[in-house]
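K.L.:
Listed below are the residues making up each chain.
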Amino acid sequence: MSDQPTATDATPEPAGVPEPVAAPALEAVPDLTGLVDGSRIVICCGSGGVGKTTTAAVIALEGARRGRRAVVVTIDPAKRLADALGLSALTNTPTKIDGPWPGELWAVMLDTKSTFDALVVGNAPTPEQADRILANPFYRNISQALSGTQEYMATEKLYELHEGGAFDLVVVDTPPTRNALDFLDAPARLTRFLDHRLYRVLMTPTRAYMRAMNAAAQAFLRPFARVVGMEVVQDAITFFQAFDGMEAGFRDRASRVLQLLTAPGTAYVVVASPRRDTVDEASFFADKLAESGVAISALIVNRMQPSFGGPPPAEARSRAEVLAGTALGDHYANLADVSTLAANEEAELADLKGRIGGATVVRVPLLRSDVHDLEGLDLVAAHLFARPAPR
Amino acid sequence: MDPEQFFAASRLVIVAGKGGVGKTTVTAALARAAAGVGLRVLVIEVEGKSGLASMFGGNDLMYDEQVLLAPVEGGRGEVRARTITADQALVDYLHDHGLRRLSGRLARTGVLDVVSTAAPGIEDILVLGKVKQLERSGQFDLLLLDAPAAGHAVTFLQSARGLLDAVSVGPIHAQAKDVLEMLTDPTRCQVVLVTLPEETPVNELVDTAYRLEDRVGLSLGPVVVNGCSADLAGLAVDPADAAAAIGEVLDDATTDALRRAAAFRRSRVELQHEQVGRLAERLPLPQIELPFLFTSALGPAELDILAAALTGGLRTLAA
Chain A
2 MSDQPTATDA TPEPAGVPEP VAAPALEAVP DLTGLVDGSR IVICCGSGGV
52 GKTTTAAVIA LEGARRGRRA VVVTIDPAKR LADALGLSAL TNTPTKIDGP
102 WPGELWAVML DTKSTFDALV VGNAPTPEQA DRILANPFYR NISQALSGTQ
152 EYMATEKLYE LHEGGAFDLV VVDTPPTRNA LDFLDAPARL TRFLDHRLYR
202 VLMTPTRAYM RAMNAAAQAF LRPFARVVGM EVVQDAITFF QAFDGMEAGF
252 RDRASRVLQL LTAPGTAYVV VASPRRDTVD EASFFADKLA ESGVAISALI
302 VNRMQPSFGG PPPAEARSRA EVLAGTALGD HYANLADVST LAANEEAELA
352 DLKGRIGGAT VVRVPLLRSD VHDLEGLDLV AAHLFARPAP R
Chain B
109 MDPEQFFAAS RLVIVAGKGG VGKTTVTAAL ARAAAGVGLR VLVIEVEGKS
159 GLASMFGGND LMYDEQVLLA PVEGGRGEVR ARTITADQAL VDYLHDHGLR
209 RLSGRLARTG VLDVVSTAAP GIEDILVLGK VKQLERSGQF DLLLLDAPAA
259 GHAVTFLQSA RGLLDAVSVG PIHAQAKDVL EMLTDPTRCQ VVLVTLPEET
309 PVNELVDTAY RLEDRVGLSL GPVVVNGCSA DLAGLAVDPA DAAAAIGEVL
359 DDATTDALRR AAAFRRSRVE LQHEQVGRLA ERLPLPQIEL PFLFTSALGP
409 AELDILAAAL TGGLRTLAA
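Chains as they are written, first to last, in the working numbering: chain A, 2 to 392; chain B, 109 to 427.
No lab work stands behind these hints: they were computed from the structure.
Do not take every clue at face value.
Quick look at which bits of chain B chain A covers, simulated, 3 or more residues with Cβ under 8 Å [unchecked claim]: (1) 109-119; (2) 138-151; (3) 298-308; (4) 338-352.
Built from N, CA and C at the ideal position, the CB exists for glycine as well.
Assemble the whole structure, with the sequences as input and the hints as a guide.
P.N.:
This is how it looks when you write it as structure tokens:
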């Protein structure tokens with residue numbers, strides 16, 4: 002990928018399309034350079050479809066540009082972006098992306114199951130115990146079926162990459178969770194699952210002993226077996242037996258991961274689009290993070306309607322009505338449409354800005370096409386790091 | 109095609125698409141349009157938060173039905189909405205299967221986590237089983253299911269087939285069989301896929317379409333392309349010329365603003381045509397375009413516009 006243009010290379014613009022203007026002139030141009038320089042971990046959160054993966058990739062790329070050894074952990078990138086990052090398949094080891102930057106840029110596409118496997122192997126007292134767990138059907142279901150596992154493995158992966166020492170900037174794209182806080186809660190949640198009361202009930206070693214179990218325990222198991230069948234229950238029992246003795250290790254690991262997630266040097270970036278529903282979700286998330294004592298470092302608002310100046314929306318609209326049926330009327334109608342939307346979007350953001358403390362707010366205009374290559378990432382970078390757009 | 113004919117084709121319509129494409133918006137517009145032709149509609153949300161109710165001017169949805177649009181005087185059409193979550197569906201399921209006494213305790217203690225890990229897809233089957241029950245009850249003319257976002261939608265709808273293989277006997281097997289029967293019967297269920305006229309959403313939609321058809325055996329209805337900017341013919345003329353033609357005088361700043369805004373819109377429309385064309389090429393399904401609305405929040409007024417566009421779009425489809 003060494004032939005990819007850098008920010009200063011000349012690439013021809015599509016003819017006739019002017020560069021949109023996004024940031025209002027009144028504010029100093031916000032810039033995330035400080036975030037890239039000052040963080041060890043950057044976590045990108047937000048609802049689905051707002052551009053988290055792209056944002057994470059842009060931040061990691063900027064890290065490499067600024068001499069950091071950066072790695073981006075993506076969850077489910079669109080295929081063309083994955084290709085651009087050299088990620089052709091799920092891989093648990095980072096792939097290096099070569100380019101004209103002083104630092105390093107690596108990418109990983111999270112493989113939930115292998116990450117979990119590695120955790121089991123690392124925590125099992127003997128290889129035999131690890132093998133028993135890995136071969137268990139119930140265990141094999143955990144990575145695909147237990148909700149929260151993907152979030153948990155994302156945190157685990159970031160912990161591992163951070164502790165490994167090969168990277169000084171780990172950027173994580175979080176799964177699109179209903180409640181973005183699931184991410185912070187994930188390590189504890191899995192620990193709770195493994196520590197569950199049912200688990201202790203299921204720890205009964207033999208069928209003979211099961212018969213002797215107290216009535217309460219029986220009451221737990223009976224409907225379980227009635228719904229899914231005894232075979233499945235047996236798999237679960239075997240899993241929890243095999244897991245015996247490892248809970249403490251998992252609990253300990255989970256608490257260290259949580260510590261890292263709330264440590265100074267870990268920055269949270271909320272990605273949103275300027276629609277009321279995603280803005281609402283972003284403010285809900287900001288409130289919840291604040292309750293956990295974590296501040297948001299930046300809010301990135303993608304897909305903003307660019308402003309083009311000219312008369313205010315209401316004036317443009319009334320000109321459009323007067324001139325209806327003429328080409329100039331169409332022009333005024335168009336300007337009224339886009340400037341009304343731009344004003345609406347700013348209004349949506351105004352409230353959110355008040356709720357995220359001193360976080361930097363960066364606006365990225367609606368781009369001409371999807372971002373799926375390093376060139377596209379450069380275009381977004383120009384907005385995040387207040388540079389002239391690559392030409 | 110008459111809108112009535114489309115809505116009568118199957119009692120259940122599943123609306124699916126990538127996150128952020130306006131799946132919930134299209135669900136709401138379909139509900140509004142169906143109520144407009146006199147149908148009693150129930151919208152079902154399976155993911156926690158949703159802006160659906162606010163589009164009708166209502167409050168957040170809950171497990172209990174909420175009326176979002178009451179029938180007008182003398183009319184019959186109405187929209188109700190509710191959520192169905194796996195926990196609540198499990199409680200209902202146990203109630204229906206003579207395990208009432210245990211149900212509350214089971215749900216409270218988080219046993220569902222263990223159960224769903226033991227048999228992946230069981231949460232989805234509990235939810236879809238509840239949907240099937242509503243479909244069978246005949247209480248509504250139309251059920252609209254706002255499916256989880258793209259990747260998860262396939263897993264969600266595939267759960268029945270997966271469980272049939274994994275669990276060979278018992279009530280879950282029977283439940284999965286019933287659900288699969290409903291999903292694969294075109295007279296009972298069809299899927300409306302939603303996309304934006306942009307590259308990544310179009311790619312994902314095509315992928316999802318084939319997976320739903322091939323792996324689950326679902327019937328696909330028309331594709332809804334949401335957020336299509338209308339072309340304004342006058343924008344092809346430079347604003348300075350357009351002004352001169354009718355003897356208007358523009359200052360430089362205004363000319364410049366109009367010119368840049370026009371270039372922006374025209375390039376959006378051009379990209380959009382490209383993507384809509386690409387979609388038609390790759391997926392031979394009828395398309396309905398919904399207009400891009402220049403607003404950041406959708407309320408009842410916007411919903412009426414979208415429902416009218418949807419109804420108009422349905423009319424242009426072959427019967």
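K.L.:
Each hint needs a verdict: does it hold in this structure or not?
P.N.:
For each hint, the structure was consulted:
1. For the region 109-119 of chain B, the proposed coverage by chain A is not satisfied: 0 residues have a C-beta within less than 8 Å of a C-beta in that chain, short of the threshold of three.
2. Under a criterion of three residues with beta carbons nearer than 8 Å to beta carbons of chain A, the stated coverage of the region 138-151 of chain B fails, only 0 such residues being counted.
3. Only when three residues or more bring their CB closer than 8 Å to a CB of chain A does the claim for the region 298-308 of chain B stand; here the count is 3, and the claim holds.
4. Given a C-beta distance limit of less than 8 Å, the hint that chain A covers the region 338-352 of chain B holds, as 10 residues qualify and 3 suffice.
Of the numbered hints stated above, those contradicted by the structure are hints 1 and 2, listed in ascending order.
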